[in-house]
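Colleague: One letter stands for each residue in the lines below.
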Amino acid sequence: MKEGPGDTDTGGLREQFDRLGGTYPRQMSASLVLPLLQIVQQQKGHVTAADAHFVADYAGVPPAQVIEALSWYTMLHRQPVGRHVVKVCRNIACALRGSDRLLAHVEKTLGVAPGGTTADGRFTFLAVECLASCGTAPVMQVDETYHEQLDEAKVDRVLEELR
Amino acid sequence: MEITIDDRTIEANRGESVLQAALRHGIEIPHFCYHPRLSIAGSCRICLVKVEGVGKLMPACNLSVAPNMKVATLAPEVGRARQQVMQFLMLNHPVDCGICDKAGECRLQDYEYAYGLPRSRSTDAKHHKRKLYDLSPRIQLDNERCILCSRCVRFTREVSKSNMLGIVERGAHAVVERIDPKSDDDPYSDNVIGLCPTGALLSRDFLYQSRVWFLEPVRSVCTGCSRGCSIDLWRRKKEWRMRSLGEERNSMLYRVTARENPEINGPWLCNKGFDQHKLAGRERTLTPMVGVAPASIERALAEACDLIARAVNPAALVSAQASNEELDVFKATLGARLRVYARQDSVAQPGEVVEDEFLIKADKNPNSHGVRERFGWTTLTAADAQAHDLFLVWGEWGDYDGFGDASVIHLASFARQSDRHADVHIPLSTTFERSGTFCNFEGKRNRFEKVLDKPPLVQHAADVFAQLEAALVGPQKLQEAS
Amino acid sequence: MSGPAAEGVHADNVFMSFAVTSDSHTLDAYRGRGGYEALAKALRTLQPEDVEREVTASGLRGRGGANFPVGSKWSFVNKQSPVVYLCCNADEGEPGTFKDRWILEHVPHQLVEGVLLAAFALHARHAFVYIRGEFDLPLRRLRGALQEARAAGLVGEGILGSAFACDIVVHRGGGAYVCGEESSLINSLEGKKGYPRNKPPFPAVKGFYGAPTVVNNVETLANVPWIVARGGAAYAALGSKANPGHRLFGLSGHVNRPGLYERPTGYSLRKLIFEDAGGVLGGKALKAVIPGGSSTPVLTASEIEALTLDAPSLQQAGSMLGSGGVIVVAEGTCMVRLLQVLTRFYRHESCGQCTPCREGTAWMDDIIARVVDGRGEAADLANLQAIPEGILGNTLCALGDAAAMPVLSFVKKFGAEFDYFVANRRSLYDGRLEA
Chain A
1 MKEGPGDTDT GGLREQFDRL GGTYPRQMSA SLVLPLLQIV QQQKGHVTAA DAHFVADYAG
61 VPPAQVIEAL SWYTMLHRQP VGRHVVKVCR NIACALRGSD RLLAHVEKTL GVAPGGTTAD
121 GRFTFLAVEC LASCGTAPVM QVDETYHEQL DEAKVDRVLE ELR
Chain B
1 MEITIDDRTI EANRGESVLQ AALRHGIEIP HFCYHPRLSI AGSCRICLVK VEGVGKLMPA
61 CNLSVAPNMK VATLAPEVGR ARQQVMQFLM LNHPVDCGIC DKAGECRLQD YEYAYGLPRS
121 RSTDAKHHKR KLYDLSPRIQ LDNERCILCS RCVRFTREVS KSNMLGIVER GAHAVVERID
181 PKSDDDPYSD NVIGLCPTGA LLSRDFLYQS RVWFLEPVRS VCTGCSRGCS IDLWRRKKEW
241 RMRSLGEERN SMLYRVTARE NPEINGPWLC NKGFDQHKLA GRERTLTPMV GVAPASIERA
301 LAEACDLIAR AVNPAALVSA QASNEELDVF KATLGARLRV YARQDSVAQP GEVVEDEFLI
361 KADKNPNSHG VRERFGWTTL TAADAQAHDL FLVWGEWGDY DGFGDASVIH LASFARQSDR
421 HADVHIPLST TFERSGTFCN FEGKRNRFEK VLDKPPLVQH AADVFAQLEA ALVGPQKLQE
481 AS
Chain C
1 MSGPAAEGVH ADNVFMSFAV TSDSHTLDAY RGRGGYEALA KALRTLQPED VEREVTASGL
61 RGRGGANFPV GSKWSFVNKQ SPVVYLCCNA DEGEPGTFKD RWILEHVPHQ LVEGVLLAAF
121 ALHARHAFVY IRGEFDLPLR RLRGALQEAR AAGLVGEGIL GSAFACDIVV HRGGGAYVCG
181 EESSLINSLE GKKGYPRNKP PFPAVKGFYG APTVVNNVET LANVPWIVAR GGAAYAALGS
241 KANPGHRLFG LSGHVNRPGL YERPTGYSLR KLIFEDAGGV LGGKALKAVI PGGSSTPVLT
301 ASEIEALTLD APSLQQAGSM LGSGGVIVVA EGTCMVRLLQ VLTRFYRHES CGQCTPCREG
361 TAWMDDIIAR VVDGRGEAAD LANLQAIPEG ILGNTLCALG DAAAMPVLSF VKKFGAEFDY
421 FVANRRSLYD GRLEA
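Chains as they are written, first to last, in this note's numbering: chain A, 1 to 163; chain B, 1 to 482; chain C, 1 to 435.
Calculated from the structure, these hints are not laboratory results. Wrong hints could be hidden among the right ones.
Taking lysine to aspartate or glutamate pairs in the EDC-like style, the calculated list, with each CA pair at most 16 Å apart, reads [said to hold, decoys possible]:
{"#": "1", "chain 1": "C", "residue 1": "LYS192", "chain 2": "B", "residue 2": "GLU169"}
{"#": "2", "chain 1": "C", "residue 1": "LYS412", "chain 2": "C", "residue 2": "GLU303"}
{"#": "3", "chain 1": "B", "residue 1": "LYS237", "chain 2": "B", "residue 2": "GLU247"}
{"#": "4", "chain 1": "B", "residue 1": "LYS126", "chain 2": "C", "residue 2": "ASP366"}
{"#": "5", "chain 1": "B", "residue 1": "LYS70", "chain 2": "B", "residue 2": "GLU169"}
{"#": "6", "chain 1": "B", "residue 1": "LYS238", "chain 2": "B", "residue 2": "GLU248"}
{"#": "7", "chain 1": "B", "residue 1": "LYS161", "chain 2": "B", "residue 2": "ASP185"}
{"#": "8", "chain 1": "B", "residue 1": "LYS56", "chain 2": "C", "residue 2": "ASP366"}
{"#": "9", "chain 1": "B", "residue 1": "LYS56", "chain 2": "C", "residue 2": "GLU389"}
{"#": "10", "chain 1": "B", "residue 1": "LYS182", "chain 2": "B", "residue 2": "ASP134"}
{"#": "11", "chain 1": "C", "residue 1": "LYS79", "chain 2": "C", "residue 2": "ASP50"}
{"#": "12", "chain 1": "B", "residue 1": "LYS450", "chain 2": "B", "residue 2": "GLU433"}
{"#": "13", "chain 1": "B", "residue 1": "LYS50", "chain 2": "B", "residue 2": "GLU112"}
{"#": "14", "chain 1": "C", "residue 1": "LYS192", "chain 2": "A", "residue 2": "ASP57"}
{"#": "15", "chain 1": "B", "residue 1": "LYS454", "chain 2": "B", "residue 2": "GLU248"}
Based on the provided sequences and hints, a complete structural model is requested.
Modeller: Here it is, written out as structure tokens:
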């Protein structure tokens, strides 16, 4: 569930943070930075600077460290994203098996170029690097799920189910 | 142990890097990201050297010395690697030296001349980043000039511990950024200006004031607190003073840089230290006064001498701003006649850091130690203030109401509107206008050199004491003689 | 999944010794195949140094791409240190590589057992599996396996009733190829950007939070149960002498049956492509092969004739065994556009820390993009030689080399295509990437 921007339910987050923190050895709170950012993103769809400060405070690290990390990992979004994120692989094995075609097809179908979000806020479309599914190329990932051995028809089916 | 760098055999210490050993012996191995007081980044790659028996080039900054290690810095592949690193650094660099203050003291410029190729291999338009904006009220940042050596970030992380700066974004999008513009300024922020090997981080106060090759540094001591950090005050070189510039620009102090002093401040300085040159702009008292009227120095001295001679129970209020040399003269002359009270004239202002675990001390005066050494330390109480019929006030202080009917001789450098008129006022030279020493809170002596000429009617305190003493002794000697 | 090919199952295989079903990944199924017997044997009858000895004797080399002898790496750790950490590198990101994903999906318990055996050998109380953030099913299967293992007393305190204790923490990455580099992984695991570290000090001496740390690839660790069960000498007898064992080779690109193939090292590359994987799509001629993941130098069809899949053979041919990701390219493919796919990748993944990689990867990509756009210049080809030469060997980590080698090898072996593109402002092959 993606909540509105600026909606950091810090109470609910703390619970999730505590639960995660319990799985790590003590005195390793700094290691929680990336997982905590992922929890925030899971809840809100993206992560703001304010969230980063919150995470820094919880993990006991300087805010600078978290802000840097937030800007550096590809999977973390700093701007709101659509309800579904469509990631089409554009790397070598997928390129050899037609990713160009599929990227063009998704662009045409959704009406946005890679990097963009549809006007109705349903889909964010991204071209991504290797997803480690080269044997079943071409491949895309929608939210968590991998969709492999794609053709235009299969892409349509996947997107249709999410409309 | 011994290692060889090119054709020189040098002694090296266990645990140091090839770069450290080389620098210690005055052997130049270029380096941007390495700094002796910061962690090793090993990211600029300009320090790559060839080591006999090793297949690829190694960064000298992260290479521990080993007995009989043979290092070659003149090998063709090293020269090539340096060219290549310079090509990469200059790829998107704006090369706006013509408008960049760093020109003339810029490591990137120096290395490009020494190690780079005359032109870039690239025929593509340069990529742009954020240019010429205010990182803080004190510092300007230009992300295009930045070579991402991370010295500034490591400083704020490891030394000042403010964590004010970070490097965000991945790959070639990386930029140095102030992490939280709303956070308090780092009281040591200006150190990054000297650390920066390019014109990416510049002092806003010094911006466009002068080309550095027209200036020269003069060693001095910061008077901001009892740490007494070594500083360099920069003034225009004599040969570059021109009538067309005007008196102000010919004689002003342009900037302060930290002066390395292993005993006291290392290579660092706090922002208050970086502002020391602004003290030259403080409003001065420039004329001797007797009562409310300006007077000649002779008249003022005569009047003061008279007041001291007639006093039954004279006292002196001595400032912890005084230099050791002035204090010695005072002790040898008037000091024996007067009951000496000590005073720390300067106190922490609102918003100023009082004391920290780094450089800043709570005592905001440069020579409390010097005063205490010579006179002990007696603070003037309200009762004491009533107990004397004469006060020689040496330093910044004008609250004479507590002195009752006592006469006041006031010797000071800076004007204060709140000052009640003393019976005699003599304007004094500042630290900039003479040479001398201070003793810091640990008793370490530090020297400052004269950097400015004093205004014509302003006196050196030592001269005043000597003349007063001479005048006081003179008549007595005559008396003895007769 | 490993693709449409029904992979050959052999009882003596290290990984593919069973038919994959909907529950062949469970604890029960794994135990039914003899799983966790190696662990039991080790905890009951062996000392930690015995396990290390077997692994050293096996000749096992790292399967992540660096091919470093595993026993040697383990030997660098001072086992008397108060704390030792083991990190399992599941950040599979090398283009063309999808074997660790298979292991996590289908034999997660084999990995868990390998992690436990390694932790036992290293005296590591905590082990971390750094799994790439994008993985979905592999993550769920791994978590499921750990849940089962904990419940069965195989992970945690007093494992199998012994004095050995080990907790395994699963840590998800955030989307960064460079985090597959061991020191970058460690920095990421410490809650920072994944900037690689200067070495020395090596992780085995000073790693995670400053403690001795071993980082091993998923496939590497998944070999360990077999080695402990049957002995290092038995493993050393598999495959080629110089780097023994079985590997999961991934075939992708223009082949009829892409997917994973478990084969002994030293296997014929030609045979793998033309027999096992069914040859080139559409019966086309072979043009090029990238033998070990995108970072390995490309080989022409004639160059792979006599090659065997072992390090010496591939090194002699001017390439590398790498991660075992064999990417097949058919005749008619535009190598210029294909190179652009790679330069774009390395540019995106460069961490930004060191000068040559940060600036060089962007520069190379800019040039290729211009060539592909029909605006190539004569100087570009010389630059596509000079720039990677300026990167190779000069960077803080191997990503620089990984970015440089494809450019150097593509331009060297297919220079005529690049010349054509620049001179004629278009591709010799209409920009074709599909077969």
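Colleague: With reference to the structure, classify each hint as holding or not holding.
Modeller: Status of each hint after checking the structure:
1. C:LYS192 with B:GLU169: 13 Å, holds
2. C:LYS412 with C:GLU303: Roughly 13 Å separates the two Cα atoms, so the pair holds.
3. B:LYS237 with B:GLU247: 13 Å, holds
4. B:LYS126 with C:ASP366: 11 Å, holds
5. B:LYS70 with B:GLU169: 39 Å, violated
6. B:LYS238 with B:GLU248: 14 Å, holds
7. B:LYS161 with B:ASP185: 12 Å, holds
8. B:LYS56 with C:ASP366: 28 Å, violated
9. B:LYS56 with C:GLU389: 13 Å, holds
10. B:LYS182 with B:ASP134: Roughly 13 Å separates the two Cα atoms, so the pair holds.
11. C:LYS79 with C:ASP50: At roughly 13 Å apart (the allowed maximum being 16 Å), C:ASP50 and C:LYS79 satisfy the hint.
12. B:LYS450 with B:GLU433: Measuring from Cα to Cα gives roughly 5 Å; hence the hint holds.
13. B:LYS50 with B:GLU112: Given that 16 Å is the threshold and the Cα spacing comes to 20 Å, the pair is violated.
14. C:LYS192 with A:ASP57: 15 Å, holds
15. B:LYS454 with B:GLU248: 14 Å, holds
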